[in-house]
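**Q** Based on the provided sequences and hints, a complete structural model is requested.
Line order of the protein sequences matches chains A and B. Here this note's numbering is used: the first residue of the first sequence is 12, the next is one more, and so on. Here this note's numbering is used: the first residue of the second sequence is 1013, the next is one more, and so on.
Here are a few chain B residues that sit away from chain A, every Cβ distance over 10 Å (derived from the structure):
1. Thr1082
2. Gly1147
3. Val1192
4. Arg1198
5. Arg1199
6. Val1262
7. Asp1268
8. Ala1280
9. Asp1309
10. Arg1319
11. Thr1322
Covered stretches of chain B, as calculated for chain A (at least 3 residues, CB under 8 Å):
12. 1071-1081
13. 1101-1111
14. 1123-1136
Just so you know, these hints were derived from the structure itself, not from any lab. Note that beta-carbon positions come from the ideal geometry of N, C-alpha and C, so glycine has one too.
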Amino acid sequence: MNALRVFWLSWVLNLRLLSQSLFFVLISVFQPVIFASIAFYMWRAGGREGTLLYVSIGAGLMGMWSATLFGSGGLIVWQRWQRTLELLVAAPPRFVVTMLPFTVATASLGLYSMVATLAWGRLLFDVPLHFEHPLMFAVAVAVTVLGLGVLGLVFASTFVFYRHANAFSNVLEYPVWLASGVLVPVSLLPAFVEPLSWVLAPTWGVRAMRDAAFGGDPLPELAACVALTLVYFGLAWVGAANFERLARKHATLSLT
Amino acid sequence: MAVVEAIELRRLYRTATGTLRRRKLEVEAVRGIDFAVERGELFGLLGPNGAGKTTTIKILVTLLLPTSGTARVLGFDVVRDTREVRRRVGFVFGGERGLYDRLSGLDNLRYFAELYGVPPREQRRRIAELLELVGLAGRERERVEGYSRGMRQRLHVARGLLHDPEVLFLDEPTLGLDPVGARELRRTIAGLTAAGKTILLTTHYMFEADALCDRIAVLSHGEIVAEGTPSELKARVAEGRVVEIEVFGVAEERLDALRRLEGVKSVAVEEREQAQVLLVQAEMGVEVTPLVLAHLDGASVGRVSYREPTLEDAYVALVS
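**A** This is the structure:
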């Protein structure tokens, strides 16, 4: 019960913290326009199969992934800089439990990115917003948010030890867009990318959303996304415990 | 049983400098210290910057692993029983950071109350009590970014007390506070001891340790160089006297030479505008003034005066 209360309060507080950051608000306003434009022009230039909504959903997921990735990386850096990281580590709950609501909150803001990308697509490029199973689409988005949030937690657990690991997170933005097939079908990419795509929650998330939007059955993809989320959580659990210990050993919890 | 125990505690930091030619450096911040704090005691770790005070506290609150040795809090090993220790201790680090600036003081306290498992029914009452205790009642709904340094520090103390810990670690809590704010905070700390809390406090202010602590351990270069009650430490320098010599532009090498003179216990320097004041502590019955002045030959010497040693002198003698 207490864990749920901690989760809820931390989630609300982090949303409040992020929404008070001018930089974050500006990024949130402009990024969906950029992603919606990329999706539209790629669709027009590529002569690809499928509707414009198909590409627009992929663009929305790009925003969700970016928000999660930078949110999780920046979160630890910012907490270390604020000197609150030590307070969180030294609190009684396991660090992974303390951090989860923070990373899910950043992924939740990615939800806004999805909505904004679809809205800009509708307003600027006349993308039709017709969903065959709107409820399943909403479920698919929620499950994807959770999957991304927990994937962010895996990254965050390593950032506790490595002071500059967030630089690594910048490098991960485009490869994951590509490998999870949000814009370009994975079948067009080299063969080794496909097995990689299977272990990425966004791959299954975007497929589930597209199935829900176009009348397919999203349940298998949703199940895969949930299963991966559980695996990520296990990794984050083990990772956080070990990296926290390493951080205490090598004195990397604070800046000095 | 001691509430806080350190046995042969050591902590080594490994760093590296240079880009192409990496040079590894090792700094031993804590060098095999032993001390014990009894229940209800206010124990001070006193020492200059870099003496190992913060490192010791960070080991005790489970933020750092010791390189070797043992540390126990309430009988729990800080390495093995991390979660047990974390549940039972509170800690406050000095300085402005360590709070969520964009949130209100109240939100900061609510969040940490949840983290420390304060039952929801008790939270409101507990937070109100603590805000009253630290003098922030009525300001709790303002964002922390608008708080003064003193207010932030008092909010830190309130945060550290949310779960009513048995043991409280305070790392330089009055750092950077104005005299009035520092005095108020010292009054709060004294009140906590009166309420039966066991407190380990670090400071580099001798008068603060003297005013608050039941016992003091003086740390210098990672080692405990003296331990005892404030009166016992004062007694160490009660004999002898201090010669104050006003000089101008005396180099560090010459000070080292003075420290080696027979009959000189310690030499400290105070900068006063353009002048330096040498505080030379002499052994009982030894007249060192002519010898010291002879060694200052060539330097511009001003007023020379004598006084009885203070607690500050005891501290300077110990850490020099």
